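Chain by chain, the residues:
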Amino acid sequence: MKDVFPALSGFAWLPPKALWQRHLLALAAVAVTILLAMPLHNHLDLANTAMLFLLTVVLVAVKLGRRPAILTALCSVAAFNFFFVPPHYSFTVSHIQYLVTFTVMLVVALIITHLTAGLRKQAEDATSREQQTMSLYQLEKVAQETRLQIASERLRSSILSALSHDIRTPLTSLYSLAESLSLLRPPLSPQAQELVTAIRDQSLHLNSMVSNLLEMARLQAGGMKFRKEWQPLEEVIGASTKLFRLALQHHRVVVSLPADLPLLEFDATLMERVFCNLLENAAKYSPIGSTLQITAKLLPTQVEICVCNPGEGFPADKLNQVFELFERGNSESNIPGVGLGLSICRAIIEAHDGDISASNPTHGGGCVCFHLPLGIPPIIETEPFPQQVMAHEHTN
Amino acid sequence: MNTQISHILVVEDEQHIRHFIRTALENESYQVTEAGTYHSALQAIQNQRLDMIILDLGLPDGDGLELIKHLRTWSKLPVLVLSARVSDQDKIKALDAGADDYLSKPFSTGELLARVRALLRRSQFNPSVESPLIRFGEVEVDLLQRKVNRKGQAVRLTPIEFHLLSLLLLNAGRVMTHRHLLREVWGSTYVESNHYLRVYVGHLRQKLEDDPSQPRHFLTETGIDYRFQL
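Residue numbers (the working numbering), protein chains in the order written: chain A, 1 to 396; chain B, 1 to 230.
Treat the hints with care, since some could be wrong.
[Unchecked claim] Once the Cα atoms are required to be at most 27 angstroms apart in a straight line, the calculated DSSO-like pairs of lysine-lysine come out as:
| hint | chain 1 | residue 1 | chain 2 | residue 2 |
| --- | --- | --- | --- | --- |
| 1 | B | K69 | A | K242 |
| 2 | A | K242 | B | K151 |
| 3 | B | K151 | A | K297 |
| 4 | A | K242 | B | K105 |
| 5 | B | K151 | B | K207 |
[Stated by the list, open to error] Derived, one-sided and incomplete: chain B residues facing chain A with beta-carbon distance under 10 angstroms:
| hint | residue |
| --- | --- |
| 6 | D211 |
| 7 | P212 |
| 8 | S213 |
| 9 | L219 |
No lab work stands behind these hints, which were simulated from the structure alone.
Being a predicted model, the structure only gives us computed values, none of them experimental.
Heads up, the beta-carbon is just placed ideally off N, CA and C, and yes, glycines get one too.
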């Protein structure tokens with residue numbers, strides 16, 4: 001559909017031209033026709049010479065447009081009269097019948113001009129419509145892809161949430177059954193109670209592993225929505241130690257944060273997962289009754305947060321690998337775990353534009369430290385103390 | 001204190017969990033009615049005199065959220081939601097629909113009974129007979145005189161800090177969503193300004209907790225709410 005006159009596509013190399021240029025080209029076309037017709041004139045009928053001029057009009061109309069074609073029609077009739085109709089090289093006409101020839105020639109030329117120009121316009125319209133359709137199609141394709149992506153993300157998240165529900169329900173039953181045993185009258189013997197407690201604790205442990213697995217699936221599936229908000233680090237640490245109090249019951253946690261630590265921007269639920277995993281890890285690999293340390297240090301553009309334990313530390317040759325999925329410091333270890341916790345920490349910290357690393361401090365034990373960018377926290381206006389409370393304190 | 005035995009409806013489709021809750025509650029001398037479906041729950045609500053509902057959101061024949069909304073059109077009966085869903089949004093939706101508290105599965109007997117006691121106490125709470133003096137840890141708060149002491153020393157609180165403290169104290173044991181606290185203390189234009197609330201709760205912890213980074217009274221449920229515990 002690009003060219004309605006494929007036979008004339010040889011003209012296609014002509015670049016779009018200004019109107020005056022096209023008029024000039026139209027005159028040139030008439031001149032060429034005259035030059036071509038001159039030597040043939042003695043062998044050709046006058047009617048056939050007129051045909052040559054009409055052909056020129058058609059070509060000009062196709063390639064140069066309506067107004068140059070009208071000019072060509074007028075000039076062709078004039079040139080036909082001047083050069084070819086006797087008497088030659090004069091506008092005078094020897095016979096009245098030639099007036100009919102001129103008139104018919106002019107009318108035919110104008111009609112052809114009109115029709116061709118109309119056709120040309122239609123072709124142009126068709127091309128622009130085609131382009132419009134193309135761009136609409138492209139737009140629709142993008143929209144369709146976006147819809148598909150949203151639908152598949154929704155599906156993925158509903159599968160994950162159903163999975164989470166389906167796994168958690170029997171786990172909750174298991175936990176509840178263990179709790180029910182403890183409620184029996186008469187109470188269980190101390191040995192039986194110990195077993196029940198072990199069942200309960202293991203089901204809790206399984207629950208935390210399932211949470212980690214689902215969290216990892218969610219993080220890796222991408223398209224996860226983060227709820228990053230400005231908040232004090234202290235709060236998420238407090239929430240994590242509370243959430244984890246059962247697993248931490250044999251350890252002491254000491255938190256030391258700089259007093260001037262500004263608000264940081266993070267997703268609280270995910271950061272809670274980071275602290276829970278780091279604390280769980282620290283507790284697992286350090287002796288019962290020992291103290292776990294959480295510290296924070298202000299750097300020029302970042303804050304460095306470390307969770308340290310006084311255990312054996314990480315295997316020296318595996319300091320970088322412990323963050324890999326399903327990688328464990330010591331694969332033969334009898335300490336339960338599948339090597340998910342630290343890789344989730346890394347995924348979450350990296351999603352917060354930070355980095356995370358493991359180290360064994362020279363004074364012993366193991367540390368996991370991560371960096372979070374400081375950014376510019378929102379301003380909170382300070383509020384003055386009321387007068388009477390100050391006065392009250394002075395009288396005390 | 002109310003001497004009548006409290007009657008609790010347990011709505012949960014998983015039989016083991018329902019049975020566990022029943023045993024735990026009956027050990028504490030509560031009267032318990034069980035419902036395994038949305039419809040039997042609705043019937044129990046309409047036909048029995050209840051003091052509280054413990055509700056699992058995912059029921060086989062209906063959405064627990066709808067039950068809460070329906071109930072709230074005519075009743076203030078306390079509702080404790082059990083949630084196996086992980087998303088915070090689900091808990092927030094349940095609280096917004098009118099639930100009073102929630103418990104994430106799995107939960108222990110201790111956690112369950114503490115929540116039940118707090119909700120029942122709350123619904124029988126009569127402010128006129130309560131003392132304006134509230135004590136927790138080594139802190140003593142006089143709500144009338146607006147005085148706060150810790151270890152016998154006066155503590156300086158700003159008006160906003162005191163307002164927030166008294167709101168949390170009067171709702172001890174209950175969840176207080178960020179939105180609710182922000183609207184009550186700062187006004188409705190601040191309901192999205194979570195960082196204000198977090199900074200001020202941080203102030204209260206600094207001034208009133210022994211270890212502000214491991215609080216025992218001003219507790220956080222990450223991403224959802226605060227809960228004050230005596």
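We went through each hint and held it up to the structure:
1. Restraint check: the Cα-Cα separation between K69 of chain B and K242 of chain A comes to about 31 angstroms, which exceeds 27 angstroms; the hinted pair is violated.
2. Using a Cα cut-off of 27 angstroms, the hinted pair K242 of chain A and K151 of chain B holds, with the two alpha carbons roughly 24 angstroms apart.
3. For the hint pairing K151 of chain B with K297 of chain A, the CA-to-CA distance comes to about 31 angstroms; that exceeds 27 angstroms, so the pair is violated.
4. At roughly 16 angstroms between alpha-carbon atoms, K242 of chain A and K105 of chain B fall within 27 angstroms of each other, so this suggested pair holds.
5. Proximity of K151 of chain B to K207 of chain B is assessed by CA-CA distance (about 11 angstroms); at most 27 angstroms being required, the pair is judged to hold.
6. The restraint placing D211 of chain B at the interface with chain A holds, with a minimum CB-CB distance near 7 angstroms, inside the 10 angstroms limit.
7. Among the interface hints, the one on P212 of chain B holds; its C-beta lies about 6 angstroms from the nearest C-beta in chain A, closer than the 10 angstroms criterion.
8. Taken as an interface hint, S213 of chain B checks out: its beta carbon lies about 4 angstroms from the nearest beta carbon of chain A, inside 10 angstroms.
9. Against a cut-off of 10 angstroms between C-beta atoms, the interface hint on L219 of chain B holds, since the closest Cβ of chain A lies about 6 angstroms away.
Of the hints listed earlier, those the structure fails to meet are numbers 1 and 3, in rising order.
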